[in-house]
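K.L.:
Given the sequences, and given the hints that come with them, work out the whole structure.
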Amino acid sequence: MWILLALLLQTNPHTSPQDLERGERLYRFNCARCHGLAGEGGRGPNLADGDFYHGDTDEALFGNVRDGIAGTEMPSSFLTPASVWQMVAFVRSLNQASVADTISGDPGRGRALFRGEGGCLQCHRVDHEGGFAGPNLSTIASRRSSAYLRASLLDPDEDVGQKFWTVRVAEKRSGATTTGFLRNEDRHTILLLDLDGALRAFGKEELSSIEVDRRSTMQSFEGLFEASEVEDLVAYLATLRKASAE
Amino acid sequence: MKKTLVLCLLCASQALGQVTHERLLAADDEPGSWLTYSGNYSGWRFSGLDQINRGNAHRLQLKWVHQTRNPQIETTPLVVDGVMYITEPPNDVAALDPETGRVFWRYRRSLPSGVRTCCGRVNRGLAMFGETLYLGTLDAYLVALDAKTGDVVWEVEVADHEKAYAITGAPLSVKDMIITGIAGGEYGLRGFLDAYDAKTGERRWRFYTVPGPGEPGNDSWAGDSWKTGGAPTWVTGSYDPDSNLILWGTGNPAPDWNGDARAGDNLYSDSAIALDADTGELKWHFQFVPHDVHDWDAVQVPILVDDDFEGQSRKLVYWAHRGGFYYVLDRATGRFLFGTPFAKQTWADGLTERGRPIRKDAIDPTEEGVLLWPGVQGATNWYSPSYSPVTGLFYLTAWENQGFYRKDEAEYVEGEFFLGGIPEMEVAEEPGYAAVRALDPKTGEKVWDFELVGKPWSGVMSTAANVVFAGSYEGYFYALDGETGEELWRVYLGGAGLGGLGGAAMSTAPITFLSNGKQFVTMSSGNGVFTFALADP
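Protein chains in written order, with our numbering: chain A, 67 to 312; chain B, 185 to 721.
A portion of the hints provided could be inaccurate.
What the hints assert, rightly or not - Per label pair, the in silico range of CB-to-CB distance:
{"#": "1", "chain 1": "A", "residue 1": "L257", "chain 2": "B", "residue 2": "R290", "range": "32 to 40 Å"}
{"#": "2", "chain 1": "B", "residue 1": "A612", "chain 2": "A", "residue 2": "A267", "range": "22 to 30 Å"}
{"#": "3", "chain 1": "B", "residue 1": "N700", "chain 2": "A", "residue 2": "G227", "range": "49 to 57 Å"}
{"#": "4", "chain 1": "B", "residue 1": "E283", "chain 2": "A", "residue 2": "D262", "range": "45 to 53 Å"}
{"#": "5", "chain 1": "A", "residue 1": "Q228", "chain 2": "B", "residue 2": "S497", "range": "48 to 56 Å"}
{"#": "6", "chain 1": "A", "residue 1": "Q285", "chain 2": "B", "residue 2": "E614", "range": "40 to 48 Å"}
{"#": "7", "chain 1": "A", "residue 1": "D133", "chain 2": "B", "residue 2": "K544", "range": "30 to 38 Å"}
{"#": "8", "chain 1": "A", "residue 1": "E125", "chain 2": "B", "residue 2": "P425", "range": "53 to 61 Å"}
{"#": "9", "chain 1": "B", "residue 1": "G298", "chain 2": "A", "residue 2": "D117", "range": "29 to 37 Å"}
{"#": "10", "chain 1": "B", "residue 1": "A719", "chain 2": "A", "residue 2": "G227", "range": "39 to 47 Å"}
{"#": "11", "chain 1": "B", "residue 1": "A210", "chain 2": "A", "residue 2": "Q228", "range": "13 to 21 Å"}
{"#": "12", "chain 1": "A", "residue 1": "A267", "chain 2": "B", "residue 2": "D213", "range": "40 to 48 Å"}
{"#": "13", "chain 1": "B", "residue 1": "D408", "chain 2": "A", "residue 2": "N161", "range": "36 to 44 Å"}
It is worth saying that the hints were derived from the structure and are not from the lab.
Glycine included, each C-beta is placed from N, C-alpha and C at the ideal position.
P.N.:
Dropping the structure here:
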């Protein structure tokens with residue numbers, strides 16, 4: 067039965083040392099920007115810890131690299147099947163030992179800071195609690211490395227997703243202004259999630275100005291918190307993971 | 185007495201349903217129909233109809249919607265003698281009542297599992313000759329269908345789909361022949377253009393867009409690279425009856441982004457080719473980008489115009505190419521007359537006297553990636569341009585954008601992608617913008633722009649009443665003033681494309697026709713074919 071099942075699953079036909087070498091090169095130019103040079107993660111999830119949330123068979127990895135993953139930031143690729151397999155082979159060769167993603171803080175203290183002094187829930191959600199003016203952090207550690215999270219706390223403007231660019235519009239007739247997050251835009255309309263949590267659509271001809279601010283609305287924690295407290299926050303955030311696929 | 189009457193009625197219907205070569209030559213004289221992909225042989229996508237004008241276009245309203253099983257509709261409908269014929273993705277055909285949208289018949293093609301398409305299972309339309317419709321298929325067949333019933337009259341295999349040959353473009357009916365191109369430039373096939381006997385399906389000629397050994401131009405390919413040279417012909421061309429020339433654009437050489445193994449100019453990729461319609465013999469060619477390593481196909485519809493140029497009466501070809509330059513060519517000889525950028529480009533310092541691009545340094549793709557304007561999908565692409573003899577303007581959808589060109593190794597495996605690169609189609613945080621753009625075709629200067637947020641992916645049509653119809657990526661359908669670009673009317677049709685490359689809601693170009701004496705306009709978005717007419721005042 068198990069043998070039959072194994073035969074049915076597509077396994078990687080490109081796993082020679084040459085394939086791995088080529089896979090690494092392809093990975094460096096196509097994947098590393100988000101997933102890190104050693105698979106440690108960054109803007110994208112860690113690929114070295116063995117957790118693959120969208121299927122961990124070779125076949126699933128192949129499909130995810132080729133077609134992307136719907137509902138995530140993972141794009142599809144325009145690659146030959148051989149190249150995709152070689153990248154899968156390289157990703158398989160990564161392991162946590164090669165990744166220096168050390169966490170020195172205390173998650174318990176971090177949780178207390180997060181919910182207390184840090185005021186993080188004003189804007190972020192964890193599970194079913196919190197605000198909407200920042201990314202939902204319920205499973206953030208499955209998508210971002212701790213190094214990335216640390217960098218975001220210290221320099222929030224460094225990488226702000228388009229969904230969190232703030233837009234301020236002023237209406238011609240009333241002069242009323244609305245600030246919110248950009249949800250959609252075309253020649254005629256602009257759609258926002260405003261700071262009160264309402265979805266608002268504006269006709270551009272009714273607006274006297276549209277200002278887009280690509281900076282984060284979060285202030286830096288540098289100097290605001292002790293370095294050790296920042297580490298505690300990182301340690302707490304690193305616990306916010308999806309349940310493993312297994 | 186009764187018997188005679190019945191017979192005569194039959195005679196009349198027979199005569200009506202015939203699309204003859206003469207009728208196609210005089211397509212401009214019956215603007216109530218839409219007889220061929222671009223409306224006429226000259227590739228204008230222009231209509232002589234003028235009921236919908238700048239004063240009343242705001243009264244356009246929906247007549248009907250026809251929905252298909254799948255996105256993404258790229259069809260240009262034909263409207264002939266009171267019937268509309270469309271293709272539906274992936275490869276079906278339907279005959280509709282143009283007044284109501286109701287279906288007379290549907291042809292469904294079952295496709296084998298081995299079909300490969302780089303960029304979506306799509307089809308751009310039909311050709312018609314006599315009482316027969318002609319469909320190119322994703323498994324690389326040419327199929328003749330009875331226009332009255334949808335029954336198959338004949339079908340012939342154009343090429344082997346297992347080697348990734350496919351047909352996505354609309355065929356072109358010329359004399360008693362059906363001309364079809366081929367898609368698959370991303371798979372390292374050897375491109376060609378074919379002519380088939382409209383009655384029997386017998387192949388009359390084939391012109392390989394990559395010359396074989398001993399043929400002129402073969403020496404523009406190093407070693408055996410010609411065998412996998414690409415240069416497909418996936419967008420419908422034009423026909424010049426005076427010189428009996430078929431003018432067609434060719435696609436990129438393969439592999440797309442790595443030219444190491446194909447040193448040389450790589451003729452006749454990225455070119456305008458002019459073939460004798462009877463023999464398929466090459467009369468001239470003009471290559472827009474010799475040795476292309478950026479995937480800048482010349483798959484635009486050639487626009488043929490007779491006009492004065494620099495004081496001389498001339499037969500011209502107007503061409504806005506994917507690489508960002510606009511060209512005027514002499515139609516008799518293919519000689520380059522004039523060229524200038526129509527969109528931002530950062531890869532050439534201009535064109536030589538012969539029209540060859542003067543390349544800047546360090547523009548070839550590298551492993552790390554090279555950032556250039558235009559982006560990988562070009563300053564324009566396959567979506568139809570339009571020429572209006574009334575305003576004398578050339579209309580197109582342009583894209584001001586940049587992209588990363590990344591090189592990769594390229595190993596040919598039959599039937600698989602042969603790309604030689606992993607491009608980043610666009611820079612997500614700096615997406616640039618699209619525009620419906622009017623050019624003075626004699627100078628290439630921009631006359632007006634109707635700017636859109638984001639990307640383009642649909643073509644344009646102009647009419648005798650100086651109305652330009654166009655669409656946007658997300659699915660707005662517009663009527664614009666052809667002289668100024670002012671918006672006259674719009675409607676949001678929305679929908680979704682296939683995702684991936686292209687992937688627009690609106691991925692086709694408009695047509696117009698008469699139904700019961702009234703002007704209708706048809707545009708597709710998502711999986712809907714939408715038809716509009718003026719509301720009563």
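K.L.:
Hints numbered earlier in the text: which of these fail when held up against the supplied structure?
P.N.:
6, 11
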